[in-house]
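K.L.:
Chain residues, written in single-letter form:
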Amino acid sequence: MEKLLEVKNLRKHFEIKSSKLMSESSWLKAVDDVSFDVNREEVLGIVGESGCGKSTLGKTIMRLYDKTDGSVLFKNRDVFELDPRGVKEMRRTMQMVFQDPFSSLNPRKRIESILAQPLRIHNMGGHEEISRRVDELLDEVGLTTRYRRRYPHQFSGGQRQRIGLARAVALNPELVICDEAVSALDVSIQAQVLNLLKDLQEKYHLTYIFIAHDLSVVEFISDRILVMYLGRIVELADKEVIVENHLHPYTKALFEASPGIDPRKDRGKRVLLGDVPSPINPPRGCHFHPRCPECMDICREVYPPSVEVEPGHRVACHLYQEAK
Amino acid sequence: MSEAIDVNVAGRKTNTVLQMENLRTFFYTQKGVVKAVNDVSLRIEKGKTLALVGESGCGKSVTSLSIMRLISKPGRIESGRILFEGEDLLAYSDRRMRSIRGNRISMIFQEPMTSLNPVFRVGEQIVEVFLTHEKIKKSEAYERAVELLKMVGIPAPEKRITSYPHELSGGMRQRVMIAMALASPDPGLMIADEPTTALDVTIQAQILQLMNELQQRVKMSLLLITHDMGVVAETADHVVVMYAGKKVEEADINDIFEHPQHPYTVGLLNSIPANEKYRGRDRLEAIPGVVPNLLKLHNGCPFENRCVYARDICRREFPERRVIGENHEVYCHFADQLDFS
Amino acid sequence: MSTIEQTADTRQSRLENSLLYENWLLLRKNKSAMLGLFIIVIFILVAVFAPLLATHDPIAQNIDLRLSRPMENGYILGSDDFGRDLYSRIIYGARISLMIGTITVSIGLVFGVFLGLIAGYYGGVFDILIMRLIDIMLAFPYILLALVIVATLGPSLRNAMIAIGIVGIPRYARIVRSSVLAEKESDYIIVERSLGASNFELMFKSILPNCLSPIIVQATLGYAGAILSSAALSFLGMGTQPPTPEWGLMLSSAKQFVASAWWVVTFPGVAILISVLGFNLFGDGLRDVLDPRLKE
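Protein chains in written order, with our numbering: chain A, 9 to 332; chain B, 20 to 360; chain C, 236 to 531.
Treat the hints as calculated values from the structure; they're not laboratory data.
Note that the coordinates shown come from a computational prediction; the quantities given were computed from them, not determined experimentally.
Heads up, some of the hints might be wrong.
When the alpha-carbon atoms are kept at most 27 Å apart in a straight line, the in silico DSSO-like pairs for lysine-lysine are as follows [what the hints assert, rightly or not]: (1) B:92 x C:266; (2) B:315 x C:264; (3) C:419 x A:25.
Just need the whole structure built from these sequences, with the hints factored in.
P.N.:
Pasting the structure below:
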């Protein structure tokens with residue numbers, strides 16, 4: 009399988025300027041030494057709780073943030089080394105869908121204008137042709153073309169998300185990053201949009217990076233799953249492997265905490281203690297150690313290296329330091 | 020305190036803490052009338068958890084606000100009775116209602132960030148609840164506040180009591196909210212409106228566990244409002260499903276998941292990716308269409324436009340109640356003809 | 236695939252499409268705003284149709300009939316100390332005031348919006364420079380700064396308008412800058428940038444339309460402020476020069492007659508009062524309607 013994206017040792021740190029005079033600023037290490045690949049036409053799910061850095065990771069890959077260190081190779085070219093023309097070309101092939109259907113569409117533009125914009129910017133034809141394509145796109149995502157002159161606030165959340173999706177695929181991109189794309193939707197609408205995502209993937213041969221905090225959704229849609237905690241990858245494997253045989257204590261906790269829908273099974277689960285920590289001053293050693301039920305001495309001192317315990321399955325935990 | 024004994028659906032006698040009968044709460048907006056809660060009845064038993072479940076716009080939040088009589092213009096409680104321990108809350112004076120709120124019936128909300136006053140310390144806010152409803156000394160109130168914080172699992176409560184809300188995490192704030200809700204000598208009913216929706220999933224698990232524990236300990240009755248069937252599975256004893264202002268199905272916890280009978284309930288369960296049936300599949304059985312415009316509802320079943328089983332009668336008439344099992348009722352014209360097993 | 240209900244796109248729904256229409260419906264309910272609008276409309280009509288409404292030439296003097304009382308000698312509101320018809324002067328004064336308002340607001344708006352956009356969008360050194368400039372301007376008392384500018388350019392109506400316009404720039408710049416800062420981080424801007432939109436397109440076609448609300452409110456209130464400022468400048472002799480029938484100037488020249496010929500002072504004052512009130516009421520109403528929408 010061809011690699012569409014290669015992320016190598018990517019870091020994105022934000023400086024928090026101290027409000028006190030003469031004090032040093034602290035660093036928010038939103039993404040801290042993250043490496044992974046994405047294969048063509050697969051769905052890579054990235055899951056984690058707030059502060060884990062998954063959103064920042066998505067935006068940094070899209071070059072919406074400047075990197076602090078590392079590289080992002082998209083089709084073998086580092087996105088941070090591209091010249092302005094290269095960046096524009098890259099923008100055509102890598103797109104993003106956001107969480108909030110209310111804020112990701114310009115409230116002052118009609119949706120026909122919103123959808124025409126990317127086509128216009130990238131010179132995909134004249135006025136007539138673009139207009140036709142807008143109709144096609146609306147149709148594609150299941151919306152009536154009759155309403156193309158309406159404003160975003162006149163649509164429901166699910167419909168707005170469809171418009172966002174239509175916009176994302178307008179340029180026939182190769183990679184689409186979905187950042188909590190269904191999290192703000194009602195369950196029944198979420199199901200529709202998940203189906204639509206799959207349909208579009210098949211039709212356009214898309215590759216997805218699907219970022220979400222809801223494990224069951226990520227589990228459903230992904231081929232491979234990547235688990236993040238405080239800016240780092242703690243586990244990465246094929247979906248079936250992660251579901252059947254997750255190793256990292258945090259992954260275990262996530263699975264335990266995710267509510268299933270079997271009342272007979274789901275009561276009296278073991279609950280993870282402690283709060284989700286802030287990425288500004290992460291704990292020393294393994295970031296997860298304060299909450300880890302299996303914490304050992306070494307965990308408090310040394311951050312565990314990532315080890316490939318079996319082909320395609322990586323874990324960063326002192327419990328699993330030997331490759332099979 | 021009187022104990023209201025009432026007869027439930029299947030005819031057994033139970034202890035009822037809250038009995039809502041035919042509640043109608045409407046909103047009179049510029050563009051028309053929104054029947055946010057349209058003839059909904061429910062019953063909460065003492066010491067049990069009733070989950071009121073549905074998606075946005077179904078009226079579940081308005082229901083809870085109606086119970087607390089916190090509905091303001093342009094909304095109005097049109098008709099119905101809300102019997103709390105046998106007495107109709109809708110007949111109470113404002114003053115009497117205020118003595119009930121926070122005292123016998125308390126509420127916790129989704130956004131702990133905005134439910135707590137940011138300029139007052141956490142301890143002060145809990146103490147205020149005490150002092151509003153009881154004549155005790157401030158020092159005593161503070162001691163009890165520390166006890167409460169301990170009970171809701173906040174570490175080092177003596178220190179935390181002087182914290183400001185912004186110094187606490189989301190999970191901690193929600194615990195404080197729960198503590199405030201329990202800060203009365205005789206908590207009767209707690210209403211929790213999407214209490215964990217804004218929290219991370221591992222924190223959600225902690226809060227749900229806390230609520231379960233507290234319920235055991237304090238024998239608290241809980242009305243849990245949520246859109247998340249997973250949360251329902253973990254906490255509820257009995258479930259009411261709402262859609263566009265109407266109750267469409269009601270059953271005990273196991274029945275609702277194992278033998279759902281309303282097409283919407285079935286559709287809802289089918290929309291959840293965690294559903295067992297989707298192992299190895301990559302498409303969900305989604306409910307087609309969107310929720311109808313609440314301003315333009317017809318008199319029939321509001322789910323009609325999305326229901327694959329709908330017929331003419333569904334558009335004309337709202338279905339009558341049909342009892343289909345122990346504690347299990349459904350509102351569908353074809354309830355006995357559809358087989359969802 | 237889901238579809239929206241297949242209702243015909245009637246004229247009614249096309250109207251409803253317009254954001255303006257929704258705002259208008261809300262505004263209509265605010266009685267004081269409607270009163271303000273009424274006043275403004277009258278004001279504009281009077282200004283536009285001045286030649287038709289006036290009974291006399293506003294600058295024609297008639298010393299014999301100076302200081303006539305209202306309704307005396309064919310002067311509806313009386314005459315001033317040069318025998319000029321007060322009524323006609325006030326009518327034409329509306330025209331002057333309308334012009335003053337329009338020009339000063341335009342100057343403030345065009346430059347203010349531009350500076351605010353640059354400062355807010357690009358940030359960094361641009362922001363620092365522009366904001367320092369704005370701060371310096373705001374450090375001066377409003378009138379003092381206007382006076383300085385007029386004194387430099389020479390007292391005249393034209394220069395008064397330029398001065399008031401310039402003094403108004405900081406307000407627009409600040410408003411636009413904070414709107415831009417807020418909108419800049421919106422998801423939809425990030426998306427448009429990720430689609431390859433240029434900075435120019437983002438600034439002017441995407442962000443600016445979303446900042447219009449406070450600008451419109453400020454512009455409306457700006458008319459009121461302009462009329463008052465111009466009156467103040469004229470009062471100080473630094474604005475309009477006689478015989479131009481500007482309300483402030485009329486007030487100023489009539490100071491001495493407060494006790495003896497009250498009408499010469501009162502009517503121009505009332506004209507200022509009513510027109511300023513009208514713009515303020517309408518502007519406030521606009522703000523109420525548009526502001527909460529901003530949070531949507």
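K.L.:
Are the Cα atoms of residue 92 of chain B and residue 266 of chain C separated by 27 Å or less?
P.N.:
holds (20 Å)
K.L.:
When you check the alpha-carbon spacing of residue 419 of chain C and residue 25 of chain A, does it fall within 27 Å?
P.N.:
holds (21 Å)
K.L.:
Quickly compare the C-alpha distance for residue 315 of chain B and residue 264 of chain C to 27 Å and report which way the hint goes.
P.N.:
holds (24 Å)
Every hint, counting from the list given before, is met by this structure.
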